[in-house]
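K.L.:
Kindly generate the complete structure, drawing on both the sequences and the hints.
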Amino acid sequence: MKFKNKRFFLSFLAVLITFGVVGSLTGCGKSATAKTKTKVVKVGLVGTTDKPIWEQVNKNLKKDHIQVKTVSFTDGILANQAQNNKELDLTAFQHYAFLHQEEKEKNYKFTVIGQSYLVPLNVFSKKIDSLKQIKNGDKIAIPNNVTNAGRALKVLESAGLIKTDPSKGNLPAIKDITENKHNLKIVQVDPAKIISLLPDFAAGITNSDFAEAAHLNPIKDAIYSLKPDINDSKNKPWINVIVARTSDKDNATYKKVVKAYHTKSVAKVIEKTHKGVYTPAFEY
Numbered sequence: 001m002k003f004k005n006k007r008f009f010l011s012f013l014a015v016l017i018t019f020g021v022v023g024s025l026t027g028c029g030k031s032a033t034a035k036t037k038t039k040v041v042k043v044g045l046v047g048t049t050d051k052p053i054w055e056q057v058n059k060n061l062k063k064d065h066i067q068v069k070t071v072s073f074t075d076g077i078l079a080n081q082a083q084n085n086k087e088l089d090l091t092a093f094q095h096y097a098f099l100h101q102e103e104k105e106k107n108y109k110f111t112v113i114g115q116s117y118l119v120p121l122n123v124f125s126k127k128i129d130s131l132k133q134i135k136n137g138d139k140i141a142i143p144n145n146v147t148n149a150g151r152a153l154k155v156l157e158s159a160g161l162i163k164t165d166p167s168k169g170n171l172p173a174i175k176d177i178t179e180n181k182h183n184l185k186i187v188q189v190d191p192a193k194i195i196s197l198l199p200d201f202a203a204g205i206t207n208s209d210f211a212e213a214a215h216l217n218p219i220k221d222a223i224y225s226l227k228p229d230i231n232d233s234k235n236k237p238w239i240n241v242i243v244a245r246t247s248d249k250d251n252a253t254y255k256k257v258v259k260a261y262h263t264k265s266v267a268k269v270i271e272k273t274h275k276g277v278y279t280p281a282f283e284y
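The opening residue of the sequence shown carries number 1 in this note's numbering; numbering runs sequentially from there.
There's no promise every hint is true.
[As the list claims (entries may be wrong)] List time: in silico PhoX-like cross-link candidates among lysine-lysine, alpha-carbon distance up to 20 Å:
| # | residue 1 | residue 2 |
| --- | --- | --- |
| 1 | LYS42 | LYS63 |
| 2 | LYS69 | LYS42 |
| 3 | LYS59 | LYS42 |
| 4 | LYS268 | LYS51 |
| 5 | LYS86 | LYS272 |
| 6 | LYS42 | LYS86 |
| 7 | LYS163 | LYS181 |
| 8 | LYS181 | LYS132 |
| 9 | LYS127 | LYS185 |
| 10 | LYS39 | LYS51 |
| 11 | LYS234 | LYS69 |
| 12 | LYS63 | LYS259 |
| 13 | LYS132 | LYS185 |
| 14 | LYS62 | LYS268 |
| 15 | LYS39 | LYS86 |
| 16 | LYS127 | LYS220 |
| 17 | LYS59 | LYS86 |
| 18 | LYS256 | LYS63 |
| 19 | LYS185 | LYS139 |
| 20 | LYS63 | LYS39 |
| 21 | LYS51 | LYS62 |
| 22 | LYS256 | LYS51 |
| 23 | LYS193 | LYS69 |
| 24 | LYS272 | LYS220 |
| 25 | LYS163 | LYS256 |
| 26 | LYS272 | LYS59 |
| 27 | LYS256 | LYS37 |
| 28 | LYS249 | LYS259 |
If you're looking for bench data, these hints aren't it; they were derived computationally from the structure.
P.N.:
Written as structure tokens, this is what we have:
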């Protein structure tokens, strides 16, 4: 192509340069917007033993540009307070019974958006090998907090040692025992100390993490345990759950977090981390 007019040529060249610059800027703009910002979801835990589980969840969420940041608490009551105050997005430490008790007492507006696992609460002893060896007037230690005390009493009821008032549901107290054929002396104790105090009791019931901390296998070393069947209605209140504020129960990002949790890869980590003691409570 020949240009007879030098001025025309320079004008044409300027147009080409202008379009080239605009095109470059447009391309840069597309590149910048294509980089999606990672969404951070704060999840409250009690203790740190579940961190490997959430590390796997984060691997599963990477493609969705979502990252879970776990926040550890020493007490579940504090974790629920933090979620109610919007300092957390989700919590993943409590079972249905504890959640419902908290909602009832404090008027929290929480909703379960997914299940995580079932943890056993079994009976241990240094003196006997079976609850059939229980004698009249024996002492039994149970946790001194409302939900686990109620659960422990239901374990004893399941074993046929006591009966409790049905109207009290899953959380009866010692005063709600309606039948105690062996005249057992049931004593409430700090659950963290029950294993060390077993020489002073015929038997004791405490949480699996305290048994593990004392180098016991919560299943193999128990003298009585309930089958960890997540489909058994008796176990339903004790299944641990992932909880959101009710106003956020349909949050799409939170649903993706639950989906990333409810996977075979997470189930394997749960079983490995807790040595088969915890039972995954979800389908995958």
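K.L.:
Now look at each hint and say whether the structure bears it out.
P.N.:
Hints and how they fare:
no.: 1; hint: LYS42 with LYS63; in the structure: holds, 18 Å
no.: 2; hint: LYS69 with LYS42; in the structure: holds, 5 Å
no.: 3; hint: LYS59 with LYS42; in the structure: holds, 16 Å
no.: 4; hint: LYS268 with LYS51; in the structure: holds, 14 Å
no.: 5; hint: LYS86 with LYS272; in the structure: violated, 32 Å
no.: 6; hint: LYS42 with LYS86; in the structure: holds, 10 Å
no.: 7; hint: LYS163 with LYS181; in the structure: holds, 9 Å
no.: 8; hint: LYS181 with LYS132; in the structure: holds, 13 Å
no.: 9; hint: LYS127 with LYS185; in the structure: holds, 16 Å
no.: 10; hint: LYS39 with LYS51; in the structure: holds, 19 Å
no.: 11; hint: LYS234 with LYS69; in the structure: violated, 33 Å
no.: 12; hint: LYS63 with LYS259; in the structure: holds, 13 Å
no.: 13; hint: LYS132 with LYS185; in the structure: holds, 16 Å
no.: 14; hint: LYS62 with LYS268; in the structure: holds, 19 Å
no.: 15; hint: LYS39 with LYS86; in the structure: holds, 16 Å
no.: 16; hint: LYS127 with LYS220; in the structure: holds, 16 Å
no.: 17; hint: LYS59 with LYS86; in the structure: violated, 25 Å
no.: 18; hint: LYS256 with LYS63; in the structure: holds, 11 Å
no.: 19; hint: LYS185 with LYS139; in the structure: holds, 5 Å
no.: 20; hint: LYS63 with LYS39; in the structure: holds, 12 Å
no.: 21; hint: LYS51 with LYS62; in the structure: holds, 17 Å
no.: 22; hint: LYS256 with LYS51; in the structure: holds, 18 Å
no.: 23; hint: LYS193 with LYS69; in the structure: violated, 31 Å
no.: 24; hint: LYS272 with LYS220; in the structure: holds, 16 Å
no.: 25; hint: LYS163 with LYS256; in the structure: violated, 43 Å
no.: 26; hint: LYS272 with LYS59; in the structure: holds, 17 Å
no.: 27; hint: LYS256 with LYS37; in the structure: holds, 16 Å
no.: 28; hint: LYS249 with LYS259; in the structure: holds, 14 Å
In this structure, the earlier hints numbered 5, 11, 17, 23, 25 are contradicted, and the remaining ones agree with it.
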